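Novice: Each chain is listed here by its residues.
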Amino acid sequence: MVVIHKYMRRQVKFPNVWCAGCGNGIILSTIVNAIDSLGLSRDEVVLVSGIGCSSRAPLYVDFNTLHTTHGRAIPFATGVKLANPKLTVIVITGDGDASAIGGNHLIHACRRNIDITTVIFNNYIYGMTGGQYSPTTPCGAKASTMPYGNTDHPFDLCKLTMGAGATFVARSTVYHAKILESYIKKGIENKGFSVIDALSNCHVIYGRYNKKGSAFDMINWFKDNTINVNTAIKQWGNLETAEENIGQKILTGVFKEKPLPEYTAEYDKLIERLKEKAK
Amino acid sequence: MNNNFSAFFAPSLRPLRLNIRITKNVRSHRKKKMTKRAIKLLQGNEAFCEGAILAGIRFFAGYPITPSSEIAEELSRKLPVLGGKFIQMEDEIASMGAIIGASLTGLKSMTATSGPGFSLKQENIGYASFTEVPCIIVDIQRGGPSTGLPTYVSQADMMQAKWGSHGDYPIIAVCPSSVQECITFTILAVNLSEKYRVPVIILSDEVIGHMREKVEIPLPEEIELIERKRPTCPPEEYKPFDDVPDYIPPLANFGKGYRFHVTGLTHDEWGKPAMDPVSTHKLLTRLKNKIAKNLEDICKYEALFCEDAETIVVAYGISYRVAKSAVLKAREQGIKVGLFKLITIWPFPSIQFKRICAKAKKFIVPELNQGQMIGEIMKYAPKDAEIIGVNKYDGTILEPNEIYKAII
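Protein sequence lines, in the order shown, are assigned to chains A and B. Mapping the first sequence onto our numbering, position 147 (from 1) lands on 149, and the numbers just tick up by one. Mapping the second sequence onto our numbering, position 386 (from 1) lands on 389, and the numbers just tick up by one.
Among the hints, a few may not be true.
To be verified - List time: in silico DSS-like cross-link candidates among lysine-lysine, alpha-carbon distance up to 30 angstroms: (1) B:Lys-198 x A:Lys-271; (2) B:Lys-43 x A:Lys-281; (3) A:Lys-279 x B:Lys-81; (4) B:Lys-291 x A:Lys-88; (5) A:Lys-187 x B:Lys-43; (6) A:Lys-8 x B:Lys-395; (7) A:Lys-88 x B:Lys-81; (8) B:Lys-81 x A:Lys-15; (9) B:Lys-259 x A:Lys-193.
Quick caveat, the hints were computed from the structure, so don't treat them as lab data. For clarity, every value in this text was computed on a predicted model and none was experimentally measured.
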């Protein structure tokens, strides 16, 4: 039996809200597979999402699910986790939700190193609202609000979150579903703020504006245009030289895995200290 | 004095009396130690914290803003000692999100802010109202608009408390007029929030927040605490937004086996997005009725000298304290003036107001704004009554004389 079938919410009618061929479904199933492989109780898993195509995911699966306001999934998730640290809290967000309107919350959660796993469904566009450009849209790409080509330069979400203090940072794509799943699993296992930049395909809008072909074409594009960071470093000696030489290719892999004291655990220690003092 | 507020506490708790001793009625050979309420000199903001702790608040997320920061500071000290959680978030929007998340795990949660922060919170306040998540927002009103007067008073967020977020949504707001009430009305606010599954705003002001007065700390046995209804049905039957006869469905804690979906999209009884006309109308009507059909229970007020009053002063917050001086002076002069104190601001206590003020010919509404609550008085006052606003909006409070002049 396919794992995700065990976790589908029975009362929710299909078809779901995503376009046929959307990579978001792949990412959702990797999240569910990761949860299942860790043997987590579904009662103790909370999925928190913002607004966008990505954020429609939690409705479909049988966990505690919280679909919040645009850009604000991370603060809601912070409240859930701090209030009850026993819960496994996973944030499902998009490139716009997380790094435009939600940018401030993203960097502060990284800084706090609170034990939340954030999966960013990164399809380089605001899909739900009809194709406006996002902070990860490549320079020169067309979008409904950059009709003459994007003049902005995009975030590297992995560098951004590493710089802000996240203790597990990785990137993969919907083509590399099994690898993506392993990164999400590692992110959940990391007791700290984990970020997985999950590259996805929006062939219906972004792909159409930029002549990227079908869903199949876009997913295959990830296969041919990504390179694992460790492979690149081996090939070129170090990261800086590798980045200069890979051209348009996108680096994937685990960029950072460095556990540090976790926010809610430290706060619980404070509570214990104060309890001892009071005796 | 008649009111429907003292029934809320055990009869022995009279806010204005001192040194009340409560003895337990137990026979014993030994002389029983008499439990006495602690008496303290507290700042209004400190008293909010005292009330919050007594009410069971164990989660606070906030952001510094004058004149509310003392609340965050005090709770950052007090909460971890009690095993509660405190976090200073990166902004007021995040604070509001965090308290909603925490409340969904079952904790009673609170935030505190002032004008600019209150504006920032509005989207998430609407979210909490629509998803029916209990939480408390304290607004210590200061001069506005915009950055305005960070350290000076106003009462200019009254309408914002009702209409601040977009759409039609239920909300409750209460208004303390003394440091003692900062304690008791916080307990009231938490109880209303839990009972009605609605965010409750405590509309205070810079003067009440920063002044110091003698208070009596209610004893735990004197306080009635209300907990949100939680489901007892099997998890597969649980409808977190059920269209129940009393309009208030039970709310389960995340993590306790009831796995449900919460969304800001218009939703059905299971929480699934449902945006068709029938579901939309049904949900919005239930939310409206949840508050509108419970005015007798929700709305608290105090009426002084209103039985024979030809003129009634309607006041709230710090302006109530000033108005009371003016009213007492006028009564000494034989003027038939009454004082109607708004405790619950939203929903406006229209039923009680109409009942008590039916015979008055003149209403005076002192406010530290350009006239906000006066609109509600105009709505519910007897036809042909004269309605006069006494408005001050320069960062200072009204003086008794300014209200007295309007009475006579």
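Novice: If a hint holds in the structure, say so; if it doesn't, say that too.
Specialist: A quick look at each hint next to the structure:
About 33 angstroms separates the Cα atoms of B:Lys-198 and A:Lys-271, which puts this hinted pair outside 30 angstroms; it is violated. Our distance criterion of 30 angstroms between C-alpha atoms is met by B:Lys-43 and A:Lys-281, whose separation comes to about 25 angstroms. Restraint check for A:Lys-279 and B:Lys-81: satisfied, since their Cα atoms lie roughly 14 angstroms apart, inside the 30 angstroms limit. For the hint linking B:Lys-291 to A:Lys-88, the alpha-carbon distance of about 36 angstroms lies beyond 30 angstroms, and the restraint is violated.
For the suggested pair A:Lys-187 and B:Lys-43, the alpha carbons sit about 53 angstroms apart, so the restraint of at most 30 angstroms is broken. Restraint check: the Cα-Cα separation between A:Lys-8 and B:Lys-395 comes to about 64 angstroms, which exceeds 30 angstroms; the hinted pair is violated. Of the supplied pair hints, the one linking A:Lys-88 and B:Lys-81 holds, its CA atoms being roughly 23 angstroms apart against a limit of 30 angstroms. The suggested pairing of B:Lys-81 with A:Lys-15 is violated, with an alpha-carbon distance near 47 angstroms, which exceeds 30 angstroms.
As the CA atoms of B:Lys-259 and A:Lys-193 are separated by approximately 22 angstroms, the hinted pair is consistent with the 30 angstroms bound.
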